[in-house]
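Visitor: The primary structure of each chain is shown beneath.
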Amino acid sequence: MPPDTKRRGSTADKGTSRENGTAQAGAPHSSRLSREQLLELYYWMRLTRTLEERLVALYRQTKVVGGLFRSLGQEADSVGSAFALERRDILSPLIRNLGSMLVKGAEPLEILRQYMAKADSPTRGRELNIHFGDTERGFIGQISPLGDMVPVMAGVTLTFRMRGQDRVGLVYVGDGATSTGAFHEGINFAAVQRCPLVVVIENNGYAYSTPTSKQTAARQFIDKAIGYGVPGEQADGNDVLAVYDVTKRAVDRARRGEGVSIIELMTYRRKGHAEHDNQSYVPPGEIDRWERENDPLTRYIARLVDEFGFSPAEIEGVDERARRVIDEATDVAERSGPPAALDALTGVYLDPPAAQPLWFREGVAKVVDQHERPEGWGTFSTHDGEGH
Amino acid sequence: MPPDTKRRGSTADKGTSRENGTAQAGAPHSSRLSREQLLELYYWMRLTRTLEERLVALYRQTKVVGGLFRSLGQEADSVGSAFALERRDILSPLIRNLGSMLVKGAEPLEILRQYMAKADSPTRGRELNIHFGDTERGFIGQISPLGDMVPVMAGVTLTFRMRGQDRVGLVYVGDGATSTGAFHEGINFAAVQRCPLVVVIENNGYAYSTPTSKQTAARQFIDKAIGYGVPGEQADGNDVLAVYDVTKRAVDRARRGEGVSIIELMTYRRKGHAEHDNQSYVPPGEIDRWERENDPLTRYIARLVDEFGFSPAEIEGVDERARRVIDEATDVAERSGPPAALDALTGVYLDPPAAQPLWFREGVAKVVDQHERPEGWGTFSTHDGEGH
Amino acid sequence: MAEITYLEAIREALFEEMERDENVFCIGEDIGAYGGAFKVTDGLFTKFGEQRVIDSPISEVGIVGAAAGAAHMGMRPVVEMQFIDFIANAYDMLTNYVATSRYRADLACPMVVRGPSGGYVRGGPFHSQNPEAGFVHTPGLKVVYPATAEDAKGLMKAAIRDDDCVLFFEHKYLYRRIKAEMPAGDHVVPIGKARIAREGRDLSIITYAATVWKALEAAEQLEKDDGLSVEVVDLRSLSPLDDEAIQATVRKTNRALIVHEDTRTGGLAGEITARINESSFAWLDAPVLRVTAHDVPLPYAPSLEDFVLPQTGDIVRAARALAAY
Amino acid sequence: MAEITYLEAIREALFEEMERDENVFCIGEDIGAYGGAFKVTDGLFTKFGEQRVIDSPISEVGIVGAAAGAAHMGMRPVVEMQFIDFIANAYDMLTNYVATSRYRADLACPMVVRGPSGGYVRGGPFHSQNPEAGFVHTPGLKVVYPATAEDAKGLMKAAIRDDDCVLFFEHKYLYRRIKAEMPAGDHVVPIGKARIAREGRDLSIITYAATVWKALEAAEQLEKDDGLSVEVVDLRSLSPLDDEAIQATVRKTNRALIVHEDTRTGGLAGEITARINESSFAWLDAPVLRVTAHDVPLPYAPSLEDFVLPQTGDIVRAARALAAY
Ligand SMILES: Cc1ncc(C[n+]2csc(CCOP(=O)(O)OP(=O)(O)O)c2C)c(N)n1
Ligand SMILES: Cc1ncc(C[n+]2csc(CCOP(=O)(O)OP(=O)(O)O)c2C)c(N)n1
Ligand SMILES: [Mg+2]
Ligand SMILES: [Mg+2]
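Taken in order, these protein sequences are the chains called A, B, C and D.
Quick note, the first sequence lines up with residues 31 to 418 if you use the working numbering.
Quick note, the second sequence lines up with residues 31 to 418 if you use the working numbering.
Quick note, the third sequence lines up with residues 86 to 410 if you use the working numbering.
Quick note, the fourth sequence lines up with residues 86 to 410 if you use the working numbering.
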């Protein structure tokens with residue numbers, strides 16, 4: 031097993047955060063959260079899990095097009111970190127940050143439509159799963175090549191700084207993505223430019239099948255912070271309040287003009303890289319132990335009840351609400367159909383608005399007439415009528 | 031001026047090295063150098079400087095094709111580090127590591143022919159200046175894109191490790207090149223694989239016109255070491271013995287199977303990025319101060335005389351020898367001519383051995399006949415005689 | 086001998102070459118114990134150990150560069166891109182360092198970069214690409230893209246033995262859909278030689294990779310419905326291109342249709358058209374036509390992907406127009 | 086109005102656009118106080134300050150990605166590659182992230198990536214490249230490559246105002262060799278429109294960038310020595326290509342010679358040949374021919390570089406063969 035997963039096991043001191051380079055703030059911000067907010071955090075985590083469970087069901091019914099990616103056991107890191115942002119802030123999620131997107135206002139209906147490649151999905155069937163964004167609501171769609179979103183978010187936050195806006199950006203990278211050149215160039219640039227950017231490294235023990243020990247020789251990822259001249263803090267990623275606190279501190283530093291922070295969230299990927307992955311490479315017992323001893327929802331429920339005095343009924347109320355939301359969203363999502371073929375040709379550029387259907391396409395003559403450039407480039411049809 | 035150049039000025043404690051991550055060895059290796067070796071170190075530095083001065087003269091006579099890159103004031107870092115390697119070891123130089131190449135057996139004649147793009151230059155006029163290599167003598171030719179040699183040297187040293195050879199690799203990167211993704215991916219990979227590789231970061235204060243303060247927010251480059259899980263040591267790059275010692279320690283670690291080390295050599299680029307650069311961006315006085323107070327040859331001469339008891343005559347003897355070598359090499363170099371045009375088409379692949387001269391070339395019919403594939407691809411000549 | 090899939094054929098080639106030459110080793114993300122995202126290297130780790138089947142960090146620049154360094158030292162690295170789309174990250178290292186290394190420094194760089202390529206699998210814009218054009222454009226690189234299991238094995242062996250860098254594109258749609266019996270013995274398919282996939286007289290379809298199969302389907306249909314005799318040329322090697330084969334088929338049928346899955350503008354069909362034009366203009370009875378993908382990023386919804394990519398019906402319609410010209 | 090060089094024309098466009106729109110900013114290596122390796126941005130730093138003329142670390146991926154992020158937020162970044170050769174490092178960011186951003190995420194990415202390109206300057210293999218082919222091949226990117234000072238200014242303004250990403254290739258050989266008076270007022274040259282550099286009747290030379298001038302020289306000579314009337318089309322925009330202009334000239338002269346400085350295989354000439362073939366085959370009296378560089382990395386010695394790159398004499402000889410066909 032990766033040497034550091036043991037270190038990161040349930041024995042990890044919970045709710046605290048180890049520091050590296052910065053001074054710890056006073057009373058944790060989480061102590062100032064209202065009861066509503068405390069319960070809201072639980073709602074987002076539950077909603078994430080319920081939605082993913084629904085997606086598994088749809089996947090088994092082959093209604094999902096393409097792969098399915100789970101964040102089971104990592105809900106706290108997504109939700110707690112996104113919760114530390116203001117509405118005007120922008121984050122860039124990764125494949126396992128469904129929770130962050132929900133917190134930022136992504137609708138379960140959108141997620142379901144995306145996974146089922148529906149015509150009315152946010153990307154109209156162009157991109158997969160949770161690869162979509164909305165700058166209004168404050169999240170930017172990722173692309174598959176790992177690390178690329180770090181430079182992009184450096185530019186987003188550079189703009190905040192240049193315009194003197196009171197806005198912060200947050201970008202997620204996995205343990206594996208830290209090995210990419212894009213991660214390095216992006217964070218170094220952001221650090222030099224003192225961009226208000228929080229870089230959250232989700233250390234979930236694996237990159238696909240690769241344990242962290244084969245990804246880096248560093249003891250921990252926050253050890254990279256000093257090399258970029260930025261503060262680094264590590265926290266228990268399965269303690270939603272600890273995640274919220276460590277992120278909030280970084281966000282506040284960014285707001286104060288102190289630039290970039292690196293946060294390492296210690297968590298664990300309980301499911302395979304994607305549903306197809308049988309996790310044969312995982313040492314026996316490791317997954318069970320994390321499930322048994324370190325499930326972020328179980329842990330948070332215990333605190334809600336024991337520490338904050340919520341009643342089991344209140345908790346179940348939230349579970350019920352999440353279930354209802356997902357049920358309704360699923361019904362609606364299933365109703366809509368696939369995108370129309372011709373839509374594939376629109377919006378590569380603002381100008382021209384659409385590419386030309388190629389001349390050899392069935393009934394293309396009819397289609398071509400509907401377009402503004404019947405004499406399209408590179409089409410056999412241009413020099414005479416043949417082929418129609 | 032870059033904040034750290036002041037720190038790095040002549041006031042820097044000379045001959046010592048600040049540590050980060052490793053235990054300092056006992057008596058410095060340099061104390062075990064013979065008198066011949068001590069003088070040899072001086073010879074290589076002097077040879078480097080004399081050769082570059084000769085190149086400047088040739089450049090002014092427009093006999094140099096392309097730009098001219100100087101290492102004035104950095105001779106100690108190249109020579110001292112390369113001197114710590116064995117003949118079987120391999121290094122990858124950068125544009126300012128002429129000294130390292132000379133130590134590794136590159137001939138001044140080769141350098142002069144390269145700069146003048148002669149037919150009998152090591153690359154037969156294909157590549158510029160000191161962009162050439164010889165795996166036999168133990169140096170590999172760089173390419174312009176910065177950082178790329180780090181992954182390449184990771185692979186070279188991975189091979190040493192896989193074959194169980196007692197060989198070490200050394201790769202130079204500038205302060206600027208540390209910002210590249212290639213640097214990051216290469217060193218991280220080498221660290222994980224525990225390749226016997228020494229990464230020398232030459233911190234000469236500038237990347238072209240860009241001061242180190244705009245290159246990174248880190249206080250110093252060895253702060254990057256812990257983020258890769260490798261030892262890092264910083265040394266006075268203008269003290270040839272300190273450079274030799276710090277490099278030798280890293281080389282020994284690599285030989286012992288302890289993998290990668292990062293070394294930061296503090297030095298200063300007294301000339302512009304290339305001869306054409308007027309250094310307008312350099313704060314007044316900075317260059318003079320370094321020349322006056324921190325010239326690596328002046329400093330070493332003082333030590334040779336005061337500390338090691340060499341006579342001024344012995345020193346002058348070396349200067350004289352260097353001058354003679356360069357004079358002779360220049361005479362020979364100037365004699366040879368430019369490469370033959372047709373040679374441009376050979377050796378892109380081992381098979382086919384040569385590309386086809388295109389049909390529209392003057393007298394190509396004749397040329398084509400000399401080649402094994404008169405009916406070459408993409409030539410108008412193939413379908414009939416026209417065009418000849 | 087039993088039939089094996091296109092994917093198994095690649096694995097068999099890797100296996101045999103690693104047994105034959107201890108300098109051959111594999112490197113890539115998740116290729117070790119896990120056997121790779123598509124299980125191409127499955128079993129190699131157990132057989133050859135972690136020294137020769139190296140799980141790497143997520144560093145395409147790093148591993149391609151490291152492969153080059155190892156190749157300089159006499160090794161024969163085979164680098165896996167988990168999806169060929171990520172070869173874009175190593176574009177500088179491949180086109181600037183690797184491709185020029187023999188030419189500028191007389192430094193051999195025998196290595197293979199391989200990976201799952203191509204669409205028709207609902208992979209979306211970043212798991213379906215066909216990036217061959219940018220590399221065929223680069224002197225110093227060789228590029229192959231097999232369509233059959235036999236060629237997948239034979240070309241992989243040739244690629245590993247080649248003294249220069251060979252990019253080996255594997256079509257993931259074919260991985261498990263295509264099966265064949267392997268020729269006995271040390272089966273090596275020379276790089277640079279095309280294959281006549283079907284003999285014909287009336288027109289030539291010149292293509293490669295997955296669309297070879299669509300072209301063959303189209304040829305069937307054209308024979309049945311139109312009585313057209315269609316020749317199908319499977320290029321196999323994209324760099325170098327087999328000009329003799331292209332010239333021969335065009336001069337034989339006097340009509341050429343180039344088909345590829347890649348987008349249209351700047352795709353290989355342009356280069357091939359130019360070469361036909363230069364070498365055989367006098368033999369052409371009709372313009373050289375192209376059936377390609379539309380010029381858009383590849384969308385993921387089935388209805389969109391199917392529209393964007395070339396289909397058998399497109400080839401049939403284009404061939405009819407060409408025959409009728 | 087006084088004449089200014091091609092380089093000064095680019096600077097003037099940057100200057101005017103930065104004055105016109107506060108969202109326009111420049112970013113690159115050594116472009117600030119130093120004014121850039123070729124001094125293209127000279128004076129901008131003094132005028133607009135370090136907030137809008139940003140000296141970056143050596144991080145092509147970083148700055149191209151950062152420009153994209155800023156563009157999403159409504160900025161209009163202009164990124165300098167110190168030499169266009171280093172755009173290879175940003176190949177993934179440009180082709181995978183930037184080019185697809187509007188299509189896959191409905192996210193505008195209005196930015197310009199510019200840099201000194203091309204050879205004839207003894208720059209060697211890594212300071213002389215013409216990487217346009219790989220980007221013209223990428224849907225979602227626009228590509229321009231001006232040959233004149235007027236177009237350098239007018240196209241830069243159009244590029245900065247375009248709502249998508251435009252790659253702006255500047256030919257370093259032309260930087261200080263070409264001068265012209267700038268048209269008065271807000272001089273914008275539309276992207277996608279070619280220019281007739283010289284009218285002719287007997288054959289068409291279709292080209293762009295530095296070779297436009299060689300083509301004009303050749304046309305002169307052909308007129309004098311052979312009495313041939315040669316039309317020279319300067320494409321200016323490589324993506325989108327001006328098909329109407331290409332079609333018009335070919336249908337007028339019935340003979341086309343494509344000339345570019347880039348290497349032959351996979352260069353743009355193939356694409357243009359295919360389009361002519363498709364749109365105007367019936368008008369062709371001769372094969373479309375190509376004059377290009379040889380398929381090798383660009384060597385640095387003058388004797389070698391001159392041999393590898395296309396020269397005026399090559400165009401003359403090729404045109405004669407074409408006219409005589
Ligand atoms: C540049 C690049 N190389 C390879 C891949 C293929 N890939 C997709 S996800 C993944 C593993 C990511 O691991 P990590 O960064 O730890 O994120 P996690 O899945 O653990 O959340 C890999 C290798 C990719 N997407 N991008
Ligand atoms: C990837 C890449 N980007 C840009 C350049 C252009 N360039 C050549 S040298 C140089 C500065 C290098 O500075 P540094 O690494 O500190 O080395 P030094 O010249 O100081 O020895 C730059 C930007 C390059 N060669 N490669
Ligand atoms: Mg991970
Ligand atoms: Mg430097």
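Accuracy of the hints is not assured; some may be wrong.
List of simulated lysine-lysine pairs, DSS-like, C-alpha gap at most 30 Å [said to hold, decoys possible]:
1. 93/A to 264/C
2. 278/D to 301/B
3. 242/C to 309/C
4. 301/A to 309/C
5. 309/D to 132/D
6. 264/C to 278/C
7. 93/A to 124/C
8. 309/C to 124/C
9. 242/D to 301/B
10. 301/A to 278/C
11. 264/D to 93/B
12. 337/D to 93/B
13. 278/D to 264/D
According to the in silico footprint, chain A covers these stretches of chain C (three or more CB under 8 Å from chain A) [claimed, not checked]:
14. 170-178
15. 209-219
16. 241-248
17. 266-272
Heads up, incomplete: computed chain C residues facing chain B, CB under 8 Å, no partners named [what the hints assert, rightly or not]:
18. 87
19. 100
20. 144
21. 148
22. 150
23. 151
24. 155
25. 160
26. 188
27. 190
28. 192
29. 225
30. 330
31. 333
32. 337
33. 409
Calculated directly from the structure, the hints in this document are not laboratory data.
Note that the Cβ used here is the ideal one computed from N, Cα and C, for glycine as well.
Visitor: Assess, step by step, whether the Cα of residue 242/C is no farther than 30 Å from the Cα of residue 309/C, and give holds or violated.
Guide: violated, 38 Å
Visitor: Per the CB criterion, is residue 190/C less than 8 Å away from chain B?
Guide: holds, 4 Å
Visitor: Under the criterion of a CB-CB separation shorter than 8 Å, is residue 148/C in contact with chain B as hinted?
Guide: holds, 7 Å
Visitor: Holds or violated: the hint that residue 160/C contacts chain B, with Cβ atoms closer than 8 Å.
Guide: holds, 6 Å
Visitor: Taking the least C-beta to C-beta distance, is residue 192/C closer than 8 Å to chain B?
Guide: holds, 7 Å
Visitor: Holds or violated: is there a CB of chain B closer than 8 Å to the CB of residue 330/C?
Guide: violated, 11 Å
Visitor: Is residue 278/D close enough to residue 264/D, meaning Cα to Cα at most 30 Å?
Guide: The hint holds at about 22 Å.
Visitor: Please verify whether residue 301/A and residue 309/C have alpha carbons no more than 30 Å apart.
Guide: Status violated; Cα separation ~51 Å.
Visitor: Let's test the interface hint: is any C-beta of chain B closer than 8 Å to that of residue 155/C?
Guide: holds, 4 Å
Visitor: Does the interface hint hold: is residue 100/C within less than 8 Å of chain B, judged Cβ to Cβ?
Guide: With a closest approach of 19 Å, the residue 100/C hint is violated.
Visitor: Could you grab the alpha-carbon distance between residue 264/D and residue 93/B and see if it respects the 30 Å cut-off?
Guide: Satisfied, since the Cα-Cα distance of roughly 29 Å is no more than 30 Å.
Visitor: Count the residues of the region 241-248 of chain C whose CB lies closer than 8 Å to any CB of chain A, then report whether that count reaches three.
Guide: Answer violated; 0 residues pass the 8 Å Cβ test.
In this structure, the earlier hints numbered 2, 3, 4, 5, 8, 9, 10, 12, 16, 17, 18, 19, 30, 31, 32, 33 are contradicted, and the remaining ones agree with it.
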